[in-house]
Amino acid sequence: DAGITQSPRHKVTETGTPVTLRCHQTENHRYMYWYRQDPGHGLRLIHYSYGVKDTDKGEVSDGYSVSRSKTEDFLLTLESATSSQTSVYFCAIRSDRVAYNEQFFGPGTRLTVL
Amino acid sequence: ILNVEQSPQSLHVQEGDSTNFTCSFPSSNFYALHWYRWETAKSPEALFVMTLNGDEKKKGRISATLNTKEGYSYLYIKGSQPEDSATYLCAFPSTGNQFYFGTGTSLTVIP
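Chains as they are written, first to last, in this note's numbering: chain D, 1 to 114; chain W, 1 to 111.
Possibly wrong hints are sitting among the right ones.
[What the hints assert, rightly or not] List time: in silico SDA-like cross-link candidates among lysine to any residue, alpha-carbon distance up to 20 angstroms: (1) LYS57(W) / ASN101(D); (2) LYS42(W) / ARG94(D); (3) LYS59(W) / ASN29(W); (4) LYS59(W) / LYS78(W); (5) LYS42(W) / GLU79(D); (6) LYS69(W) / PHE30(W); (7) LYS78(W) / LYS42(W); (8) LYS42(W) / ARG9(D); (9) LYS58(W) / GLN37(D); (10) LYS42(W) / LYS57(D); (11) LYS69(W) / ASN53(W); (12) LYS57(D) / GLU27(D); (13) LYS57(D) / THR15(D); (14) LYS42(W) / LYS53(D); (15) LYS78(W) / GLN98(W); (16) LYS78(W) / GLN25(D); (17) LYS42(W) / THR5(D); (18) LYS57(D) / GLN98(W); (19) LYS78(W) / LEU2(W); (20) LYS57(D) / LEU2(W); (21) LYS11(D) / LYS59(W); (22) LYS57(D) / GLU79(D); (23) LYS42(W) / SER7(D); (24) LYS59(W) / ASN101(D); (25) LYS58(W) / ALA41(W); (26) LYS42(W) / GLY108(D); (27) LYS59(W) / ARG68(D); (28) LYS53(D) / LYS11(D); (29) LYS53(D) / HIS41(D); (30) LYS42(W) / HIS41(D).
Source of the hints: derived by calculation from the structure; they are not laboratory data.
Modelling step: build the complete structure from the supplied sequences, incorporating the hints.
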């Protein structure tokens with residue numbers, strides 16, 4: 001158990017509203033990631049962070065922003081949600097203590113944009 | 001963006017059958033290859049980390065092999081059981097700290 005929680009676990013919102021998803025970890029891992037899961041696409045990287053205030057874009061970053069003001073929290077924000085952002089969002093950490101740095105995933109957040 | 005491909009996309013087998021599926025990845029700049037098991041309504045769980053050409057890893061009835069020169073890894077399940085039903089993902093970490101996931105192989109084991 002890598003001590004990763006995500007909140008909320010489920011959210012329904014309307015097009016055009018801002019949404020923030022939170023990922024929280026308890027073990028001070030440096031690397032944190034946000035993925036979205038869609039049928040036929042597997043997991044696609046949205047953004048990742050390699051330290052406090054250090055973030056970078058992934059494959060599908062358009063329409064998303066992130067912030068990491070402290071080690072334990074990585075926030076994903078949809079500034080103005082669209083129906084195409086309906087998805088399941090997974091946060092992951094990359095353990096610095098495990099050889100070859102496998103990732104450990106949070107439980108996921110199911111977001112529906114109406 | 002790196003291309004990581006998995007085949008087949010889905011597979012239905014009878015309980016007791018053995019099965020295997022493939023992950024192909026870029027053979028240049030190889031660092032590691034990860035296999036994950038992903039059950040419906042849960043989050044992916046790490047199965048294996050493969051690092052050396054010729055690596056073979058085993059966990060119970062599940063094993064994996066690695067060929068870095070030709071850029072592929074095989075996952076084998078011997079004597080499939082209904083509890084093996086899941087999506088099996090491979091992931092290729094790049095030197096830039098990103099992981100590129102395949103689209104997965106969805107396995108259904110029919111009792």
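Now the hints, each set against the structure:
Of the pairs offered as hints, the one joining LYS57(W) and ASN101(D) holds, with about 17 angstroms between alpha carbons and a cut-off of 20 angstroms not exceeded. Using a Cα cut-off of 20 angstroms, the hinted pair LYS42(W) and ARG94(D) holds, with the two alpha carbons roughly 18 angstroms apart. Note on LYS59(W) and ASN29(W): the hinted pairing is violated, with a Cα-Cα distance of about 27 angstroms set against a maximum of 20 angstroms. In summary, the hint linking LYS59(W) to LYS78(W) is supported, as the alpha carbons are separated by about 11 angstroms, within the 20 angstroms threshold.
With a CA separation close to 27 angstroms, the supplied pair LYS42(W) and GLU79(D) exceeds the 20 angstroms bound. A threshold of 20 angstroms between alpha carbons decides the hint, and for LYS69(W) with PHE30(W) the separation of about 9 angstroms falls inside it, so the pair holds. Restraint check for LYS78(W) and LYS42(W): the C-alpha separation of about 23 angstroms exceeds 20 angstroms, so the hint is violated. The hinted pair formed by LYS42(W) and ARG9(D) meets the criterion: a straight-line CA distance of about 12 angstroms does not exceed 20 angstroms.
Restraint check for LYS58(W) and GLN37(D): the C-alpha separation of about 28 angstroms exceeds 20 angstroms, so the hint is violated. A distance of roughly 25 angstroms separates the Cα atoms of LYS42(W) and LYS57(D); the hinted pair therefore is violated under the 20 angstroms criterion. A C-alpha spacing of about 7 angstroms is found between LYS69(W) and ASN53(W), which places the hinted pair at or below 20 angstroms, so the restraint holds. Restraint check: the Cα-Cα separation between LYS57(D) and GLU27(D) comes to about 23 angstroms, which exceeds 20 angstroms; the hinted pair is violated.
Pair hint LYS57(D) plus THR15(D) does not hold up; C-alpha atoms about 23 angstroms apart against a cutoff of 20 angstroms. About 30 angstroms separates the Cα atoms of LYS42(W) and LYS53(D), which puts this hinted pair outside 20 angstroms; it is violated. The suggested pairing of LYS78(W) with GLN98(W) is violated, with an alpha-carbon distance near 32 angstroms, which exceeds 20 angstroms. The hinted pair formed by LYS78(W) and GLN25(D) fails the criterion: a straight-line CA distance of about 36 angstroms is larger than 20 angstroms.
A distance of roughly 13 angstroms separates the Cα atoms of LYS42(W) and THR5(D); the hinted pair therefore holds under the 20 angstroms criterion. For the proposed pair LYS57(D) and GLN98(W), the alpha carbon gap of about 10 angstroms is at most 20 angstroms, so the pair holds. For a cut-off of 20 angstroms, the pair hint linking LYS78(W) to LEU2(W) is broken: about 30 angstroms separates their Cα positions. At roughly 15 angstroms between alpha-carbon atoms, LYS57(D) and LEU2(W) fall within 20 angstroms of each other, so this suggested pair holds.
With a C-alpha separation of about 37 angstroms, the suggested pairing of LYS11(D) with LYS59(W) is violated against the 20 angstroms cut-off. Restraint check for LYS57(D) and GLU79(D): the C-alpha separation of about 16 angstroms stays at or below 20 angstroms, so the hint holds. A C-alpha spacing of about 15 angstroms is found between LYS42(W) and SER7(D), which places the hinted pair at or below 20 angstroms, so the restraint holds. The suggested pairing of LYS59(W) with ASN101(D) holds, with an alpha-carbon distance near 19 angstroms, which does not exceed 20 angstroms.
Distance restraint check for LYS58(W) and ALA41(W): the Cα-Cα separation of roughly 25 angstroms exceeds the 20 angstroms cut-off, and the hinted pair is therefore not satisfied. Between LYS42(W) and GLY108(D) the CA atoms are separated by roughly 8 angstroms; this keeps the pair inside 20 angstroms, and the hint holds. This hinted pair does not check out: LYS59(W) and ARG68(D) have alpha carbons roughly 36 angstroms apart, beyond 20 angstroms. With a CA separation close to 26 angstroms, the supplied pair LYS53(D) and LYS11(D) exceeds the 20 angstroms bound.
Distance check on the hinted pair: LYS53(D) and HIS41(D) sit about 29 angstroms apart at the alpha-carbon level, beyond 20 angstroms; violated. Between the alpha carbons of LYS42(W) and HIS41(D) the distance comes to roughly 17 angstroms, so the proposed pair stays at or under 20 angstroms and holds.
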